[in-house]
Amino acid sequence: MTKPWDTSSEHLLRELAPQVLGSVARRFRDFSSAEDAVQEAMMAAFTQWPQEGIPANPRGWLIQVANRRMTDQVRSQIARRERETAVGREADLVVPTLEIESDMDPDDTLILLFMCCHPALTSSSAITLTLRAVGGLTTAEIANAFLVPEATMAQRISRAKQSIKASSLPFRLPSLQERPERLPAVLHVLYLIFNEGYTSSIGTHLQRLDLTREAIRLTRGAKALLPEDAEVSGLLALMLLTDARRNARTGPNEELIPLDKQDRTLWERAEISEGTELLTAALSKGSVGLYQLQAAIAAVHDEASRAEDTDWPQILALYELLKRVAPSPMVTLNHAIAVAMVHG
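The sequence shown runs 271 to 614 under the working numbering.
Don't take each hint at face value.
Claimed, not checked - With a straight-line Cα cutoff of 25 Å, these simulated SDA-like cross-link-like pairs (lysine to any residue) come out:
1. Lys493 with Leu479
2. Lys555 with Glu448
3. Lys531 with Glu541
Everything labelled a hint here was simulated from the structure, so no lab data went into it.
Quick caveat, the model's predicted, so the values are computed rather than measured.
Take these sequences, add in the hints, and give me the full structure.
As C-alpha cells, this is what we get:
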C-alpha cells in the first residue's frame, strides 16, 4: 500500500535520512561510503516516489536501496582482489549486525550521534559532522550557524569524515565510563539542531518541525542513557518549554509574533508541564548548568498567563547566574533587557 507524494514528502525524507545513515553505517562500518549510499537512496526516492507513491515502509525502502549500493561497492572491491582471498575479504568487509548491550537504546541515530562526538575528533569537527549526518542540515545551513563561508564549512566536514575513516571508530554507543566525556559535545549539537529547527536560518519557513522533533527525540534517548545527569534533563526541559510556544510564534503569513504578543492559549500545556517537571527534578540535584538555567528562564515565561504577569525580577536573577556560568553576547543582551524590565 503506497501513499501519494505531497508537499510533506520531502520533509519525511530529510527526517529519515539520519536514521537510514545510522543503520547502514552500523552494518558496514564505513561512514563516508554509507553517507554516499544514503544520498543515492534519497535520489532514487526523489525519482521514483512521485510517480509510484511512497512505500508503506519508507525507512525500510531507503535502507534496502542504500544497503544494495553498499553491497555492490563491496563486491566491486572484492572483484579487484585475487580470487583465492575473495571469501575471506568479504567476511571482513560485510560486518554482522552489532550486538547492543542490554542497557543501551538500539536507536542507530543515537549511536551515530555519539560516534560523531568521539573524542578523536576536535570539538568543531564533532559538531559540524553531527549537524550534517544526524541533524540533516545542509552545508550552507551549518555555515550560516557558524558564520563562516560555505566552502570553509565543506572542508571542515570533509576533514571530519576523513578523521573517522582513519581512526576506525567502532560503531557503538560509548560505555558508561566513556559517556560523560562525550556528553558536552552531544548536548551542544542537540541544542544547535533544535535551534535551527525552531528558527530556521535558510529557506522560506521560519520553523522546521522535522529538526525540532528529531532534536527532542534524540535528547530523550540521551536522557535514557544518562537518567541522572541534570544537564541532559535541563536540555530536554528547555526544548519542551520552548517548543510549547510553537503554535503561537507565527501569524497567518508566517511572520514572527513576539513573545509578549502571543496568544498563550495556543501554548502546549502538556509540554510545559513535562518540561517543568524535568527542570524541577534536575535543579534538585544541586549542580546547576547552562541548560538548566535557560530552561528555568523559559519556565518563568511559560508560567505567566499574561505577558504583564511575567516575573521579571526572577528572570533577571537567572540571567545574573547565566552570565557567570556561560557568558555570551546574547546573554548580555537578554540580561540588559531584563534589567530594563525590572528597573526601567
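Hints and how they fare:
1. Lys493 with Leu479: Answer holds: Lys493 to Leu479 is near 21 Å, not above 25 Å.
2. Lys555 with Glu448: 22 Å, holds
3. Lys531 with Glu541: 20 Å, holds
When the structure is compared with the earlier hints, no violation turns up for any of them.
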